[in-house]
Amino acid sequence: MLLMKLKAEEKFAFLQLAQYVAKLDGEYGLKERELVDEYCTEMGIENMEINLESFNLEETLETFRSMQSRKITILALMVLVHVDDKFGIYEHKTMDKIAHIFNISEREMHLFSMWGKMGSALYEQAMVFTAD
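At position 80 of the sequence shown (counting the first as 1) the number is 84 in my numbering, and the numbers step up by one without a gap.
It is possible that part of the hints are untrue.
Claimed, not checked - Listed below are the simulated DSS-like cross-link pairs for lysine-lysine, each with C-alpha atoms no more than 25 Å apart in a straight line:
hint : residue 1 : residue 2
1    : Lys15     : Lys97
2    : Lys27     : Lys101
3    : Lys35     : Lys15
4    : Lys121    : Lys90
5    : Lys27     : Lys97
6    : Lys75     : Lys27
7    : Lys101    : Lys121
8    : Lys75     : Lys101
9    : Lys11     : Lys90
10   : Lys90     : Lys75
11   : Lys15     : Lys121
12   : Lys101    : Lys15
13   : Lys101    : Lys35
14   : Lys75     : Lys15
Think of the hints as simulated: they come from the structure by calculation, not from any bench.
Hey, can you work out the whole structure from these sequences and the hints?
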C-alpha cells in the first residue's frame with residue numbers, strides 16, 4: 005500500500021534491500037519470498053534476484069532521500085523481518101544500522117517494529133482468508 009509511493013529508483017533499491025534483509029539469517033524462506041513477491045506486485049516491478057556479493061547496503065540506502073521514503077522503507081522491512089517469526093540478531097543489527105543512517109530514533113524503530121509484527125500477522129490472516 006505504501007510502497008507504491010516510492011519513486012521508480014527507490015522501488016528497485018527497496019527490492020534489493022528487502023532481499024538482502026530477508027537473506028540475513030541464512031534462510032530465504034517461503035513466507036519471505038511470498039511477501040517480497042507481494043511487494044513487487046504492489047510496486048509494479050518484476051522480482052529479480054540480487055547478487056549478495058555485489059550488494060552495498062550504504063550505497064543502496066543513499067537512494068532514499070526523503071524522510072517519507074525512508075519511513076515507508078523501514079515499515080515494509082519491519083513486516084518482512086517479522087513475517088517468519090524470526091527477528092534474528094543479524095536482522096536486528098542491520099535494521100539498527102539502517103535506522104541510524106536514516107536518522108530514525110530508537111523510539112520510532114520500536115513503534116515501527118510493533119507495527120511490523122501486526123502487519124505480518126494481518127498478512128498471514130489475509131493469506132488464509134484468500135487461499136483457494
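How the hints compare with the structure:
no.	hint	result
1	Lys15 <-> Lys97	holds (23 Å)
2	Lys27 <-> Lys101	holds (16 Å)
3	Lys35 <-> Lys15	holds (20 Å)
4	Lys121 <-> Lys90	holds (11 Å)
5	Lys27 <-> Lys97	holds (14 Å)
6	Lys75 <-> Lys27	holds (21 Å)
7	Lys101 <-> Lys121	holds (19 Å)
8	Lys75 <-> Lys101	holds (14 Å)
9	Lys11 <-> Lys90	violated (30 Å)
10	Lys90 <-> Lys75	holds (22 Å)
11	Lys15 <-> Lys121	holds (22 Å)
12	Lys101 <-> Lys15	holds (20 Å)
13	Lys101 <-> Lys35	holds (24 Å)
14	Lys75 <-> Lys15	holds (14 Å)
Of the hints listed earlier, the one the structure fails to meet is number 9.
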